[in-house]
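Colleague: Sequence:
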Amino acid sequence: MIENTETTGSTQPNKPITRNRRGRRFLFNALGVIIILVIAVLGGYSSGIGIRKSNQSTVIMQQLGEQYQNTLIDIQFGRFEIARQRLEWIISNDPIFPGAQEKLTEVLVSMNQPTPTLTPSLTPTPDFSGAQEAFTRAQQLIAAQDWPGAIGALDQMRKLDPTYQQSQVDGMYYFALRNYGYNLIIKEGNLEGGIYQITLAERFGPLDRDTNGIREGARYYIIGASFWELDWKQALSYFDQVYRGWSGLWDGTYTASQRFQIASMRYGDELFAAGQFCDAVTQYQNAQAISALDKISQKNFNDAYPQCFPATATIDLTLSATAGTVAAVTTEPPPATTEPAPTNTPETPTNTPGP
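Mapped onto the working numbering, the consecutive letters of the sequence shown carry residue numbers 9 to 363.
Calculated directly from the structure, the hints in this document are not laboratory data. For every residue, glycine included, the Cβ atom is placed at its ideal position computed from N, Cα and C. Be aware that one or more of the hints could be misleading.
[Claimed, not checked] Mimicking DSSO-like on lysine-lysine, the simulated pairs with C-alpha atoms at most 30 Å apart in a straight line are:
1. Lys303 with Lys241
2. Lys167 with Lys111
3. Lys195 with Lys241
4. Lys241 with Lys111
5. Lys167 with Lys241
[As the list claims (entries may be wrong)] So the derived label-pair ranges between C-beta atoms look like this:
6. Gln93 with Gly157: 33 to 41 Å
7. Val67 with Pro170: 30 to 38 Å
8. Ser65 with Ile194: 28 to 36 Å
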């Protein structure tokens, strides 16, 4: 009997098929690498966004400070509508900007004040014969360096005869306003008043380098003072610039150098509290270059310095009593050698032998 091999073969049990686990492992590894790459990309993206936002914040703060300073000038000149627009822009970008809300209220009150109605009346014909007298008096006051008196005399002369010695009077106006503004800033600490007078002088001619520089220094001083006790980092940033160019500039309370020292100590205290010891040491050292630290900053400096500059192994130098040579003794063990150590070590004589 012939067996049907096909039928017999079909009745044999099937062998279990073993799946290749190597492919599954490769798939998991690839998936893990992809996840790590995604996390790294997201982390780098977040870091880049943070840096960009930080840089953008610094630029915006500078712009806000400049706009606030321009607002003060607009208020002095009575340009209340422009001042209002500047203040609204400042508040929209930084609702807690120092002094912005108060100035906006002041501007709105000034804008809403009723304009007095002037009743026309007969005025006598002006007497222009006094123009020469006012001109001579203005010259005398300028020679005496009485700048407010000279400006008043020039104003009176212009009312009497606006065309009298026009070019020469313009030069006298420039000279008196420039020096009056300069003295207000340097001698009296009246920064805003000095800025105002110098800006008026600029209408009659270009400013010299010193006058323009002292006006810029006064502006930076005012902006830095607006951050005082509110944001020590920003205050320090502005007073650092004032201190480097005009260390003696003051506002009637502190000089620029004193402001720089105080801001350095207070910002150093903030860095110390945040654990940034080396940055805090730098600020304390900047303050020490001007004057001694106060008790709080001195204590923080004493604690921060060893954290930033830990002690290292020292080298003791000893002088041999016999040979007069210097031997270096270190805290590190000597290098290992293959030569055997001597069994007997000669003693060093205590007394130097005589001749």
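Colleague: Now look at each hint and say whether the structure bears it out.
Modeller: Results of checking the hints against the structure:
no.: 1; hint: Lys303 with Lys241; verdict: 21 Å, holds
no.: 2; hint: Lys167 with Lys111; verdict: 33 Å, violated
no.: 3; hint: Lys195 with Lys241; verdict: 28 Å, holds
no.: 4; hint: Lys241 with Lys111; verdict: 23 Å, holds
no.: 5; hint: Lys167 with Lys241; verdict: 50 Å, violated
no.: 6; hint: Gln93 with Gly157: 33 to 41 Å; verdict: 37 Å, holds
no.: 7; hint: Val67 with Pro170: 30 to 38 Å; verdict: 46 Å, violated
no.: 8; hint: Ser65 with Ile194: 28 to 36 Å; verdict: 34 Å, holds
Figure legend: structure checked against the earlier numbered hints; hints not met, in rising order: 2, 5, 7.
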